[in-house]
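Each chain, letter by letter, is given below.
Number of protein chains: 4
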Amino acid sequence: MNSEQRAGAVEKQTGRLESFSDGVFAVAITLLVFNLQVPHLPAGAISVPALGSALFAQWPSYLTFITSFATILIMWASHHGIFRMVYRADTPFLFANGLLLLLVTVVPFPTSLVAQYLSTPAAALACAVYAGVFVVINGAYNLLWWAATRQRRLLHPSVTPRQVKRLTRHILLGLPVYLLATLLAFWNPYVSLGLCSCLWIFWALTFYEGSPSRRRLPSGQDMETAPEIDA
Amino acid sequence: MNSEQRAGAVEKQTGRLESFSDGVFAVAITLLVFNLQVPHLPAGAISVPALGSALFAQWPSYLTFITSFATILIMWASHHGIFRMVYRADTPFLFANGLLLLLVTVVPFPTSLVAQYLSTPAAALACAVYAGVFVVINGAYNLLWWAATRQRRLLHPSVTPRQVKRLTRHILLGLPVYLLATLLAFWNPYVSLGLCSCLWIFWALTFYEGSPSRRRLPSGQDMETAPEIDA
Amino acid sequence: MNSEQRAGAVEKQTGRLESFSDGVFAVAITLLVFNLQVPHLPAGAISVPALGSALFAQWPSYLTFITSFATILIMWASHHGIFRMVYRADTPFLFANGLLLLLVTVVPFPTSLVAQYLSTPAAALACAVYAGVFVVINGAYNLLWWAATRQRRLLHPSVTPRQVKRLTRHILLGLPVYLLATLLAFWNPYVSLGLCSCLWIFWALTFYEGSPSRRRLPSGQDMETAPEIDA
Amino acid sequence: MNSEQRAGAVEKQTGRLESFSDGVFAVAITLLVFNLQVPHLPAGAISVPALGSALFAQWPSYLTFITSFATILIMWASHHGIFRMVYRADTPFLFANGLLLLLVTVVPFPTSLVAQYLSTPAAALACAVYAGVFVVINGAYNLLWWAATRQRRLLHPSVTPRQVKRLTRHILLGLPVYLLATLLAFWNPYVSLGLCSCLWIFWALTFYEGSPSRRRLPSGQDMETAPEIDA
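Protein sequences appear in the order of chains X, E, H and B.
Going by this note's numbering, the first sequence opens with residue 886, and the numbers climb by one from there.
Going by this note's numbering, the second sequence opens with residue 886, and the numbers climb by one from there.
Going by this note's numbering, the third sequence opens with residue 886, and the numbers climb by one from there.
Going by this note's numbering, the fourth sequence opens with residue 886, and the numbers climb by one from there.
Some hints here could point you the wrong way.
Unchecked claim - Computed footprint of chain B on chain X, listed as stretches where at least three residues anywhere in the stretch have a Cβ under 8 Å from a Cβ of chain B:
| id | stretch |
| --- | --- |
| 1 | 900-908 |
| 2 | 949-962 |
| 3 | 978-991 |
| 4 | 1056-1062 |
I should point out that these hints are in silico values taken from the structure, not numbers from a laboratory.
Glycine is no exception: its CB is placed at the ideal position from the N, C-alpha and C atoms.
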């Protein structure tokens, strides 16, 4: 086995773990649609205006659906960002990944909670749980990244310390923001929810900042995760 | 790395994005089955004719299920048509793809809305929402294709301007038709729904028009998306 | 591109279509679990015997769950049996495959129908619908196989006429049996359901009849679908 | 076809079976989230404390969700552990794998059963069914492994008898523990549930015991399943 073939084999070490994780992400993100429920009107009161206002009254469902969808999508992108640099797995890494997947599948639950209670007196708790779940998810990401980087055992040899530092900062960033959103929920649930929405927009925008397509890197490089790998 | 290996690497750049998208499409299309609900009959009134007429009364569910299924299937084919020509991704492209996936997962919601309200006085609004969602989806496709083709940065070098123009026409076509279907819903919901159904049949038929199998291209060419790539 | 590389490219032509189909099969087969509902007991009447008898009373759900699961599994195996021989797709083939996927995702609906109505006076119709869906699915398989084999345009060059004939027989077999099961449902629903169950057991047993592992074929051959490919 | 190409072909023989199984595992594990239901409070009684206590009262749901999630995750890892050593499939192996998949998709059902009945007088039966399902799943694993190893026909030539023996022990271990948990359920449901939880923690810890990363094996080796393959 020459060095090139070995490199190929190395790539594949986490391949199954990754494709299984992808499957879980894809199913979890699609199940969010169950938060959108068709309104039930009493048989005698069905009319275009009645259905229209019933659909409009569901705006918390639409808002949380979009926020959760976008957040899972960003989480998926971050997951790949981590796996791009990792070329093998050990027990703590697998545990951390399992915890992360568990939390990703949980997201439809707080999403539905907020959708149902945002316009009630219990909105504060619903939004606190929502933001709180993202605190825990962010913790799981930090755990996964810590498991990947401690002693650099699992990282691909080509990953530079600067890249590691960059992703560490990137992942840590969410923790204080989501913690703040959790606390703010008890003051104003809408501000809390707004903060959760802003964070994914911010992440999405920064995730590809300094994208190689702007810096004209050689064409053989992977654009998808290249921002993470400051070659 | 020689040019052939680089070509292989280029192919893989959007591989994960694509397989994740495929997963979302596959789950979303399968979740449509939840629009088919087993009718509940009162315990004393269960008989073959009663169940038969209850099943028959659900025809709007069957109709919208088939239309939505076929439309998502065509959307999946179009998605691949676009990704065949794209060999790398940047931020706007990823955003547009995320928006598209969000809208694809939403499809079961308006489908269920039409199924429940087609035989009620609120049918007009239900059908307008249904066609309206497809207007937005078509917009997302145009956005995705625009993100892929602006300055030709993301397109595979082998893609010709004629191919780009052809797919642009192909995708733009749906916009006026779905807009018309949205407006027509307020005049006649059935005509609106019929238009949505016709459009996917039309697309399915034209998607492979001029298929290479008819034009006897060399056997090494990909038949699946070849009509889009007028080699 | 030399002939070997071209062969590799040929393999991949239906790759995406197949993996998308696999995704739909996997989701549809897993969604069957929603036919197993936890029984709801009145708060005052909850006890081990009460829950036990409530669980036992759900036996039609278990029976149809197992039958439908096994049938989709066999259908998945047959789908691969067909795709093993096909190396490219054209419009009619894609249409037939789309129809097949639509019908596969429908299976949870008649399954749930039988589960709810097997012990009621409407059992005859429920079982007739159940078997009837499989008649239509079998028709879709025959259509898919016909689309693959007409003029042999889509078949891999190495496929022999004997293999084609064998699979044709194999797929056609189900049609009369499922038609019989549909008719028998009006005479005795249990016999109809039993026939549907027997058929998948029979298919499972014959699918690998004459398996190469028994006939000691060279080790390079694919065992999974080899029975279909009488080399 | 030289020996290297043949080796490549051998790898792929169970590829589709495996990716289909992965899909089923991924969907089944994600569907567990439906055990987490948003509590419904009467419109007049909605407040933060009321929602808080309603959420807290659902702790059996959270507990069983986590236990089932972790168990399916471990099952997925074991499934791959088996498929790493298998390079082709025959009829009994396919039957055993189908049975296993059926049982994996069933897991959400007993999970929901325990969640709903853990704090009721019927807890004993619910927990017995829960542990009992895992007895049957463990039986299916033993069956699958037996089908893979009898006469060593399906095993990859490089698998050593020591590795086979090790995995045999590993899989057999669960049987007495789950049987015990089933019986204990009638004495104390919580102990039964605790035992099921402990088992997956124990398995997770032992699964990677003696991981190559600790034994400094050459870097070309697969870390994911290496513990099973005592090279």
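Evaluation of the provided hints:
Counting residues of the stretch 900-908 of chain X whose C-beta sits closer than 8 Å to any C-beta of chain B gives 5, which meets the bar of three, so the coverage hint holds. Here the stretch 949-962 of chain X counts 0 residues with a CB under 8 Å from a CB of chain B, which misses the bar of 3, and the coverage is violated. Here the stretch 978-991 of chain X counts 7 residues with a CB under 8 Å from a CB of chain B, which clears the bar of 3, and the coverage holds. With a threshold of 8 Å between beta carbons, the proposed coverage of the stretch 1056-1062 of chain X by chain B is violated, since 0 of its residues qualify and at least three are required.
In this structure, the earlier hints numbered 2 and 4 are contradicted, and the remaining ones agree with it.
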